[in-house]
Structures are given as C-alpha cells and as structure tokens.
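Asks: Let chain A serve as the given structure and place chain B on it in line with the hints.
Chain by chain, the residues run as shown.
Protein chains: 2
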Amino acid sequence: MTDERRQEAAARVALSLLTEPGDADMGALVATYGASQTMEIIRSGTAPAEMPTRTWKAAIVRWAPRLSVLDGHDQRERARRANARLVIPGDEEWPDALAELGVHAPLLLWVRGEPALLSSEQSVALVGARAATGYGEHVASEFADALAGRGASVVSGGAYGIDGAAHRAALGAGGHTVAIMAGGVDRPYPAGHAHLLAQIARTGAVVSELPLGVTPSRWRFLSRNRVIAALSDVTVVVEAGWRSGSLNTAGHAASLGRPLGAVPGPITSPASMGCHRLLREFDAVCVTTPEEVRELAGWEDPVETRERGADGDAGSATNRLIDALSVRAVRDIDTIARRTGQARDEVQAAIGLLLLDGTVIAADGGYLLATVPQGRDATARDHS
Amino acid sequence: MTDERRQEAAARVALSLLTEPGDADMGALVATYGASQTMEIIRSGTAPAEMPTRTWKAAIVRWAPRLSVLDGHDQRERARRANARLVIPGDEEWPDALAELGVHAPLLLWVRGEPALLSSEQSVALVGARAATGYGEHVASEFADALAGRGASVVSGGAYGIDGAAHRAALGAGGHTVAIMAGGVDRPYPAGHAHLLAQIARTGAVVSELPLGVTPSRWRFLSRNRVIAALSDVTVVVEAGWRSGSLNTAGHAASLGRPLGAVPGPITSPASMGCHRLLREFDAVCVTTPEEVRELAGWEDPVETRERGADGDAGSATNRLIDALSVRAVRDIDTIARRTGQARDEVQAAIGLLLLDGTVIAADGGYLLATVPQGRDATARDHS
Numbered sequence: 001m002t003d004e005r006r007q008e009a010a011a012r013v014a015l016s017l018l019t020e021p022g023d024a025d026m027g028a029l030v031a032t033y034g035a036s037q038t039m040e041i042i043r044s045g046t047a048p049a050e051m052p053t054r055t056w057k058a059a060i061v062r063w064a065p066r067l068s069v070l071d072g073h074d075q076r077e078r079a080r081r082a083n084a085r086l087v088i089p090g091d092e093e094w095p096d097a098l099a100e101l102g103v104h105a106p107l108l109l110w111v112r113g114e115p116a117l118l119s120s121e122q123s124v125a126l127v128g129a130r131a132a133t134g135y136g137e138h139v140a141s142e143f144a145d146a147l148a149g150r151g152a153s154v155v156s157g158g159a160y161g162i163d164g165a166a167h168r169a170a171l172g173a174g175g176h177t178v179a180i181m182a183g184g185v186d187r188p189y190p191a192g193h194a195h196l197l198a199q200i201a202r203t204g205a206v207v208s209e210l211p212l213g214v215t216p217s218r219w220r221f222l223s224r225n226r227v228i229a230a231l232s233d234v235t236v237v238v239e240a241g242w243r244s245g246s247l248n249t250a251g252h253a254a255s256l257g258r259p260l261g262a263v264p265g266p267i268t269s270p271a272s273m274g275c276h277r278l279l280r281e282f283d284a285v286c287v288t289t290p291e292e293v294r295e296l297a298g299w300e301d302p303v304e305t306r307e308r309g310a311d312g313d314a315g316s317a318t319n320r321l322i323d324a325l326s327v328r329a330v331r332d333i334d335t336i337a338r339r340t341g342q343a344r345d346e347v348q349a350a351i352g353l354l355l356l357d358g359t360v361i362a363a364d365g366g367y368l369l370a371t372v373p374q375g376r377d378a379t380a381r382d383h384s
Numbered sequence: 001m002t003d004e005r006r007q008e009a010a011a012r013v014a015l016s017l018l019t020e021p022g023d024a025d026m027g028a029l030v031a032t033y034g035a036s037q038t039m040e041i042i043r044s045g046t047a048p049a050e051m052p053t054r055t056w057k058a059a060i061v062r063w064a065p066r067l068s069v070l071d072g073h074d075q076r077e078r079a080r081r082a083n084a085r086l087v088i089p090g091d092e093e094w095p096d097a098l099a100e101l102g103v104h105a106p107l108l109l110w111v112r113g114e115p116a117l118l119s120s121e122q123s124v125a126l127v128g129a130r131a132a133t134g135y136g137e138h139v140a141s142e143f144a145d146a147l148a149g150r151g152a153s154v155v156s157g158g159a160y161g162i163d164g165a166a167h168r169a170a171l172g173a174g175g176h177t178v179a180i181m182a183g184g185v186d187r188p189y190p191a192g193h194a195h196l197l198a199q200i201a202r203t204g205a206v207v208s209e210l211p212l213g214v215t216p217s218r219w220r221f222l223s224r225n226r227v228i229a230a231l232s233d234v235t236v237v238v239e240a241g242w243r244s245g246s247l248n249t250a251g252h253a254a255s256l257g258r259p260l261g262a263v264p265g266p267i268t269s270p271a272s273m274g275c276h277r278l279l280r281e282f283d284a285v286c287v288t289t290p291e292e293v294r295e296l297a298g299w300e301d302p303v304e305t306r307e308r309g310a311d312g313d314a315g316s317a318t319n320r321l322i323d324a325l326s327v328r329a330v331r332d333i334d335t336i337a338r339r340t341g342q343a344r345d346e347v348q349a350a351i352g353l354l355l356l357d358g359t360v361i362a363a364d365g366g367y368l369l370a371t372v373p374q375g376r377d378a379t380a381r382d383h384s
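Residue numbers (our numbering), protein chains in the order written: chain A, 1 to 384; chain B, 1 to 384.
Think of the hints as simulated: they come from the structure by calculation, not from any bench.
Everything numeric in this text was worked out from a predicted model, so none of it was measured.
Glycine included, C-beta positions come from ideal geometry on N, C-alpha and C.
Treat the hints with caution; some may be incorrect.
From the structure, some residues in chain A lie toward chain B, with a derived Cβ separation under 8 Å [as the list claims (entries may be wrong)]:
id: 1; residue: T133
id: 2; residue: Y135
id: 3; residue: I267
id: 4; residue: T268
id: 5; residue: R280
id: 6; residue: D283
id: 7; residue: V285
id: 8; residue: C286
id: 9; residue: T318
id: 10; residue: G341
id: 11; residue: Q348
id: 12; residue: G352
If we strip away everything but chain A, and leave its shape as in the complex, we get:
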C-alpha cells in the first residue's frame, strides 16, 4: 500500500467517526477534495477560498467540535481484535455497486469475513420484519436455501425474524450470506445473534460502515438499509408490518432502480400488510417462488408458468407434510413434526389449512390423510 493510500484510509476512518452514515455534505466534500484534504479542512477550520457552497462551510463548523472524539481513537486496534478488515473505494474488494449511492455512499466498510462476497455475481436481499410469523420465517428459509444453493449471495440485516431465517438457511445450504450491521462489526446486534453472526463471518461476511464499538440507533438502522439495497441485485421483502423498517429498504431499492419483490400473505395477517402495501403503492412484483426471484433479478429466463403443476414449487413443504401423514394410521402433531423435521407450531398451522381444504381429516386426537384429497385435487380441475 502506498503512503497516499494509507493516508486516504486513515482519513476515511477519522471522517467516519465525525459523521453519521450517508451524510451528503461529507460525501460531496470527499468527492471534491478527497478524504485527506477534507480532514485537513475540518481540522484547520478554514475552508479553501474557492469552496463554493455555504452548506459545506456550515457542515465543517458542525463537525469541528466533534474532533475531540478522534483523540486516542483505536479503530485499528479494535479491528485487529475483531478480525475485521478495512475496505475503501479504490480497493479491489470495494463493491462498484455502492457508487450508485452517489454522495450517500459509505466512506468505508469494515468487514469480518470475506470482502470479495460484497461483489458477488448474484446477490439478493431477503429482508423483513423482526416480528415475523412462522409463515414468514418458513418462506425466508425456503427462498434463502434455494437461492444460496444455486450460488447467489443472500444479503440481510442480521436481525431476529426474517433476517435471521434467511441467513441461517443460506448457511445451511452451504451458500454465502452477508449481514449488514447498523452498529460496529465488533458489537453483535442483536446480542442473541452473536453466535449466528460469528458463523456468518466464518464463511460469509459481516459488514458495517459504522465505526467499531458504536451501537445501532434508529438513524443507523435506516441508513444501513440503503447499503443492503445497494449491495443487492434484487430486494425481496418477505414479511413486513404496516410500518416496518423493511419498507425503507424497499424504498432504497426502488430509488436505485433495482427490482423490488414482495411476498404476499394472508390479508388477515398484520405481518404481511407491509408486503401488500409494496404491491399496491410501490409497484413491487409479487414473488411466490425462488425461481420468480431469479427471474426478477434477471438471472434467468421467465419462469415457464404453464409447465408448472397446480401446486408449483411452493407446495413442497405442504407435500412433505402430506407425505408424513397416512390414510390409515392416526398421527398426532408431535409425530408429524418429527417426521417432517418442522417445528410443532409450524405443523399445527399447516395442518389447520389442510383441514380446511379437506386434504386432512381430524380423528382421535390426531390426523389422517383424506382418501380423496378433495380440495387440492379439485383446484386444478376447477372450471366454475
């Protein structure tokens, strides 16, 4: 590394301590003067005579009082302890896709894990509510499993609910996954995901533009979302409440001109309201299978819909459930859960739906497969 690059890197680390992520004034100053000179301008408190805008001058005045935070700052030492690498524009591993954020682009990225994953040939953001339902987590898992299994990098926010399900399934598929944090990469958040994040860092990447040591804040969650969107070819919202932060990520994807997908759900489920809102108000594309996500991303030709069976691929979990049932032997929820490898609650919800369409009948504290699966069979032939 040349001295100049080293100086540039040190200046970006310092600047990242002075401002919050995505600050447009900072982005514009760095784009104009470079990070080192911007740092000098702030330190000296003297704007170059030719500096054109008042806003920049105001920003410099705003940042100057914060200079003291730089005294004895230990980002390099913290990074060494967290086994995190610094990546800045100009580095081979710096993802070109971030340039589309313009003056809102991150100044730098701290990466625990493999920085090359930030420039994966195929990347998909699977995001959604922390307050997810079993349905949402099931869908996130199925999608992440199928997409990561075919080589796409699964990007998400490391949170509980949809994010966690997506990361885990990508890991389980032996695929790549990237977690974008709203705090320092050495501050696992949520704490309950410390182990999951460590797993992600081992084969994927845990990434943040925030200085090491800092904790997430509402603003940092929101600005983090623009990085998720910018690093992904396509963003899919799996489940989201009416005011979920995932809608913010979706908004970033849309404003970057990236394809945006939303997974529908029951209109009676508050956890799907945000997705329906995206379909209604933001022209999101309704996606119901991993293949449709790949199609939306432009990774493959449109799904040949006419060749799909009545159940398509989406029925796979349901089919597994049906396989675990018998037309003769009554089986209870626990037995079925063991046979399908699904959670008890998940089975309970799914069985409820199969009871409704007549595929399954209740008997003696357990369930039987109906001999003529009325509902499911009739669907394909329905001509009313």
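Replies: The following block gives chain B in isolation, referenced to the frame of chain A:
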C-alpha cells in the same frame, strides 16, 4: 308491447335454442338483420343475395339441422313455472353494460327476481374457486358483507366455495346479489345451492342467457364468465387455483378494460396461486380490504392509507378471536368457536397463526392469551 317487439322477443328465444352463448356469427347476423329476419334466413336456408361473408353462410348451414329443437319448445311455459322474466335489448331493464361485449353479447336474459339489479349503480363481481379454503370463504364473506352493506350489488356465479360465500354474505347484509347461471334459471346448479338460489331470486336476481331447462357444460361455464365480468364495475378474484375458471372471468374483465383485483394469500396455499398469477401476469391490483375494492372501482377516493392502524380493518376476525380468549382461563377450540361464532376448523387455523406470533400460548389442551402479545405489538414499532 308492440307486435314487432313481441316478434323480436320470440325470435331471440328461438335463436338462443339454436346456438351456444356468445356465438360471434350469430351476434353479427342479429346486429345486421335483426333477430326476426335472422330467424327467417335460417328457416328458409336461403341467404340474402347481398350477404357479405362466407362464414355467415356456413353458420346458417350449421344451424339449419338444429331447427327441429324448436318444435314444441316451451320456453314461455317453463319461464312462467319458474317465475322467470325475459329481458331483451331495447327493454328498459336491459343492462347497457352488455353492449361492450359486441357480437358476443347475450341474445337475451332470463331473470328470476329483480331485473333492475342488472343495471345497479355499483356492482362488484366477487368470484373464485369452488375448492376454496376457510381463509378464502372468510375473505369473500367480509368483502361481500361490507360492499353489499354499502349499496353495491354483489355479482357471482352461484357455485360452491367463494361464490356461495359472497352471495350469502350479501344476503346476510340485507344487500343485493346477482347470480349468473351457466344453465337454465329453472335448473338450480349446483343442486345443493337450490335453496340459496331461491333466496337470491327473492331479493336479488338469478340470471341466465341459456334456455330454460338446459344444464351447464364446460363451454357454458366459460361463456357465462364474460357476462359476470360485463355486468360488474370491478371484478375481484378472492381465491383461485393455478388453473381456476375464475382466471377466465378475470381475463374477460381485463379485456373489457374493467378494473381487476386479486386477493393475495399464503404462497404455500394452492388455492391462492391463481390470484398471485393474476398479480404477476395480468397486472391485477392487490386488494386487501373492501375499501380498496371501492377505490379500485372508482366509487370513492383513494384510501387514506397513512391513517390506518397497524392492523387496519383486516384484523377484525383475528381481534374477535383474541377477544374470545383469556389470559387466565384455558379455553379449548370448541369453546372459542362458540364464542366467536366461527367454524371449528377456521378457529384451529387462526389459532395456529396466533401461536406462531406469540399472541396465544398453548396450555392444558386449550389456549391462553399471552400477557404481552409480543408479535402483534412489535410489528408497528419494527424499525429493523
């Protein structure tokens, strides 16, 4: 009624016995020569010298052998017994909207009930699969209840599943509902809906372009769907399998330039696949509340989405369920079903979902309301 009108009516009845619904050749002939002269042309087997197209001549040759079905035909007598009225173009009760079907417009309509309802100021088609789930029937009922309750006429096909739920809820709301049949109005189909159809005829209308006495066929179901679409300001598909006939109704609505809505559902439910297909392939609008249907129809201003709560209106059934639960007293499914007035299976499915999001906990063969309803509450605050 003038002699001319009487003759025109008799000719249309005769022609309806010779052809299947929506025959474009018949439509074009009647548009050109009038029904009476068209009937004479077919009877005589001699096309006027100036008749321009070969296809018309071929059609006449095709229909001539069927003339024997007119011998002793008793449509008027059957209509008297079924208490059905004949409505033809030119009659005050003839719905102008059918003109948009062009040469595919019905020759006539037989109506049991109130023909004026065919020209309701507001009409909505609520259609869907016969193989509906409890979810679909619940949504159809809620929508029909709300829309009929505010004065819209609910149009559907009288079938089991979604259609039946929509008709019943409209009747229950004291509103108007119209059933369009694929066979004679004196042949209730399905037979299990004879009582329901009689109820509809009492305050609404049971309608068909088919001669009295005939039974439905695959073709008659499909051509019937164009009448449903044409008589409705907006068509909403509530639930539909991958190849459901409801998609055909949707196609007619779209080709007539009428707004088309689809209700989303779980992607794991085969009964919602047709709706998702409409959202993906046919630009249907995602509708999740009756208000959104009214907005789509152009009957009212766009729903002020920002003012809706996190749960919106769609949560009403869930809220009813939650009201039926206690944080202290364990209640079993039967008790909850009795308290909510919902079907046992419906409650079972809904409880499954509430278990998943932590609103409800299982205890001692029954259920308790969780003291801190984690999932539902957190949705609104979610900022991840």
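Asks: Decide, hint by hint, whether the structure agrees.
Replies: Each hint, compared with the structure:
1. T133: holds, 5 Å
2. Y135: A/Y135 check passes; min Cβ-Cβ to chain B is 6 Å, inside 8 Å.
3. I267: holds, 4 Å
4. T268: holds, 5 Å
5. R280: holds, 5 Å
6. D283: violated, 10 Å
7. V285: Holds, about 7 Å.
8. C286: holds, 4 Å
9. T318: Status holds, d = 6 Å.
10. G341: At 16 Å from the nearest chain B Cβ, A/G341 fails the 8 Å test, so the hint is violated.
11. Q348: OK, holds: A/Q348 within 8 Å of chain B, min 5 Å.
12. G352: Since chain B brings a Cβ to about 3 Å from A/G352, closer than 8 Å, the hint holds.
Hints 6 and 10 from the earlier list are contradicted by this structure; the remaining hints agree with it.
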